[in-house]
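Protein chains in written order, with this note's numbering: chain A, 1 to 244; chain B, 1001 to 1407.
Be aware that one or more of the hints could be misleading.
[Claimed, not checked] Covered stretches of chain B (chain A as the covering partner; in silico rule of three or more C-beta atoms under 8 Å from a C-beta of chain A):
#1 1311–1319
#2 1324–1337
[As the list claims (entries may be wrong)] Residues on chain B that point at chain A, a partial pick, calculated with CB under 8 Å:
#3 GLU1005
#4 TRP1016
#5 ASP1201
Source of the hints: derived by calculation from the structure; they are not laboratory data. Glycine included, C-beta positions come from ideal geometry on N, C-alpha and C.
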Amino acid sequence: MVASAAVVPVPSVAAVPSVVDVIKVSDVTKRYLLGSVVVEALRGVSMTVAEGQFLTITGPSGSGKSTLMHLLGCLDIPTTGEILISGERVDQMGEIELASLRNRRIGFIFQQFNLLASVDAVANVELGLIYARVPRAERRARSIELLERIGLGNHLRHRPMELSGGQQQRVAIARALVGNPDLILADEPTGNLDSASAQEILTIFDELHATGRTVVVITHDPEVAARGSHTLTLRDGRILAGVA
Amino acid sequence: MKFGELLRVASEAVQWNRMRSLLTILGIVIGIAAVMVTVGLGEGAQAKVKGEISALGSNLLTISPGGSSAATADSGESLTERDAMALSSHVVAPAIGAVAPIVQGDETVTFGATSTSMIVYGSTPSWLQVRSRSVVSGEFFSSAQETKGANVIVLGSEAASELFGGRDPVGETVTVGSTPMTVIGVLNSVGSGTSPTTNEDDLAVVPLTTAQNSLVGASSNDAVDSILIKATSSTTLSAAYQEADNELLMLHNISEPADANFTITSEQSLVSTATSVSSTLTALLAGIAGVSLLVGGIGVMNIMLVSVNERTREIGLRKALGARPRDIRLQFLTEALLLGILGGAIGVGIALIAQHVLPSLISDPISIPAWVTAGAIGISMLLSVVFGVYPATRAAQLSPIEALRTE
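Next up, chain B with everything else stripped away, as it sits in the complex (with noise of 0.2 Å):
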């Protein structure tokens, strides 16, 4: 028979049975949804961390203060602006290419009646160059404002919005707890890729001894709460790992490196973890699904067997009138794999369908590559077909007597 032929009788199978159709394609339907949806979570996953990773700045680390030992662990204010400046110095650090100390708070910012809550951190000029941000409307603060401690603020793109609307907030004074502040510059947008937990838009800077100085909970000694290092590249961020704890070590008085009083983290590192657990996430639920799938397989092997033996007499018949067990092995895979493609069909239209409706309820994106859609629609025809051989051998194997013969 020709494959045309073929493909005319599985369809008439096929449409002449279709509420047994349906119910045999469910699990391939559902399988082959299941499996795109979880892949497609995550690529989203992993396409947003690596949008994370180029917003902070592939440099950078940060030193934190305290250890990871118990007896270090609570050290609380165990950095200063005097550590910041040693690393700072290219002969002590050459890898280190800029050096950022941080102390930062939760602020009420207040302009006119408008009053919003943000973090307030106060850092050095270098700040720009270290987390890879630019000013876009008037300018970040000199270090001459830095050391007298100068009432000028910088504002997130965000923060300026919610606080001034459309209005460019350049030379505006705000308040900053209670504490005036001029507004001297805004910050580029870095976009909501990052977790609304640090929307690095909705932040405010100002000279590090101004925060000393005016911010709630910043002590007014020279202790920071961090210190933000960016390497010259990224080749040479472990170099720049090394050069910073061995001086802190050698700062802090400290012989053995187990008792360190501070933490350093490579942003990268945390980045590859989250990726890393987030693709074993993603094996774990595409292996759930991938075994769907395969209870699925069976399922329409189970049902081809039901139909098998349903069809007895037409097997029997067709037999009768020339019918080679090839041509019926051949009838009832064409079925299997008609079967097998409309299953992949749906299920990758379902598919596609909640890529574009989850995000919005779930709040992760979903990306399905294309390569996936194909990858499906060609597991789903293979699944069938192998599922089909079996019972389409028994249905060749079916003696024509015996076949006619069933009632």
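So here's chain A without its partners, still in its complex pose (with noise of 0.2 Å):
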């Protein structure tokens, strides 16, 4: 299974000249001042994304794992080089039109899950189409149908702290997948989990993998990283090691 994704699967549609990589990085560099010290987070990075790849991207802490994933993430922009998101240069995007793209295309999972507290479990679910516009009873039916595909039909109205763990990494994940995105972006999804958890999250993963979802994620868990059909390796700034 994992083998025969890593090929990208050729559309019916013959017309199409060629596959648009879901993320495609050239030459990227990343500085940020942190105090009066210039970082030199990425120091020119290549790689590409095909559609229904499972990349992990690993390495030590300061490798610039967390740069690169926010650049993917389209929560920041590259100091040089050029990040294309489905076909989309968002190297040279302002804020609102960064906003719209990660919307449309990027479902996040983090490591802290980031509920909101205050609502309960389809409220959070819904979170990210109320930004897309879509009308509440379309939200409510389609967050609803997610919670219950991925086992959480009976905890619909409960609020973050009523839920384990786990749980609430799956609200997260429901939340990710909600706005049928072209990217899932996972920063060490499993970081907060016990073990048992974390093997639920990682076989959702794998599920999510096998339906044919392009799915990014970060982790120095060696073996998270094992569980992608392509692995990443970054170290100051480049990378090491890995296909992509």
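Dock chain one against chain two, each of which comes alone in its own frame, and use the hints as you go.
Okay, structure coming up:
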């Protein structure tokens, strides 16, 4: 299963000349100021993620993983270089365009879950759809359907505090999927979970991959990194090893 | 985001932090209630004063003995019946409609076993016209009765009911001091709109001559305690003032107006002084209350800033999920607006309750006009939005990376 997913499925519509990579990063650098010190977080990174790939990005802390994740998630723009997400140039985009792109193309999963404590599971899942101006009835229907599929059908009205860590992360996964994004981007998704819950979540990632989703997971955990169809290792802001 | 959506998110946030929301709006609640009650007190006082103007008769001038300068201040018995008669002349004083010389004394009036103390005025039949009063039962004394000093008395409505209960007092005999007098009439009631010290219903009127003969404290010569003048209309009030002033200076052989041994006051000038004093006071108090409202607004800003800080991760998450800066700004502004509306509504509620409860405790009327209520809600909304702009802008400008990184 893992091997077959590495081969990018060629669309049956022959008129399409080439497959658009979900992510195409060309010679990207990122410098930022930390106090008065210039930090070179990325020193020339090029990579592509094809549709359907399950890419894990690993590396020690300070290697530039987080910076790369921010750039792939369109939360930030590079100092130099080009980034295309589903064919859209994002490295020159302004804040408003980036917000729209994140909303349409990217589903985020965080280590801290980042659920809103004040509202229930359904309201947490539908959050991104509000900004996509999806009508309320449709938002709720889609959110409930996803929560049921992910095994939380009995917890729709529960607030995050009433859920276990694993359940909270599943709510977060539902939230990432509800907008039907091109890319699922996860940052240490199992970092805050016990091993049983972590296995549950990783199984869900496997299933996502199996259904053709493009998944990028940032992790320092070798076991998690090994789950990917592809792996990249970063060190000192450069890609050290891996195929992508 | 649509406004309904914003309102829903805002009300969720307000409900989630109930206690904090309450504390946030407390300043606005107190400020709004304070401003409204203060303005209400001012409006109530104005209405009361306006009521007094009509009770007194707006064309009224009072001449009292004694001048304004130190040398003439103590010329106790400078006014006489003769002065009053001179002023009554339509040739000398065409702007003066009616004149009533007054002597007055605090007297004990007794009927059977009941006795009560009241001010008894001695005057002429024109008193009725000058004071804009009428007789509801019986009649007022005539000029003839006044001239010969008949022992007749006209009672104010409250005085009558105190002495006679519900019975008709006309024809009965009461004792004023030690003089028996026949009750010949009862005056109309002007209500208790005036202050307790000069109750216009708890009084009695007797002929001037009778008063000069019988009342304790009244001198037996033709000196009077004051002379009331009614101008022909409110527009001729200042002409009447001039005429009275000139005539009296002449009668008293005084060449310098500054040396006058009498003082003419217009009730209207007293009233307008009172009004302007009370409106100055109202403005001052409303100003102080307004400052407390401002402090309330700053309180909203303070708590909103804390809230933005505390919800940094939420802001980061919303941005990651596609919220534009304006979505975040609108979200926090709507929250501030909602807090403002809540604070304003509670403040208005408290003020409206105070309007009904307070007057019985402080004996001052409170009248809150509708425009004040509407204005109060408007101001609290405006205030919260104005003070919400800065926190909301701070929230909108947060970088999503920084916001998500915050623990």
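The hints, checked one at a time:
Taking a C-beta to C-beta cut-off of 8 Å, the region 1311–1319 of chain B contributes 6 residues in contact with chain A, enough for the three needed, and the coverage statement holds. Residues of the region 1324–1337 of chain B with a Cβ under 8 Å from some Cβ of chain A number 3, which satisfies the need for three, so the listed coverage holds. Because the beta carbon of GLU1005 of chain B sits about 6 Å from the nearest beta carbon in chain A, less than 8 Å, this interface hint is met. Hint status for TRP1016 of chain B: holds, given a least beta-carbon distance of 4 Å to chain A, under 8 Å.
The restraint placing ASP1201 of chain B at the interface with chain A is violated, with a minimum CB-CB distance near 64 Å, outside the 8 Å limit.
Hint 5 from the list above is the single one not met by this structure.
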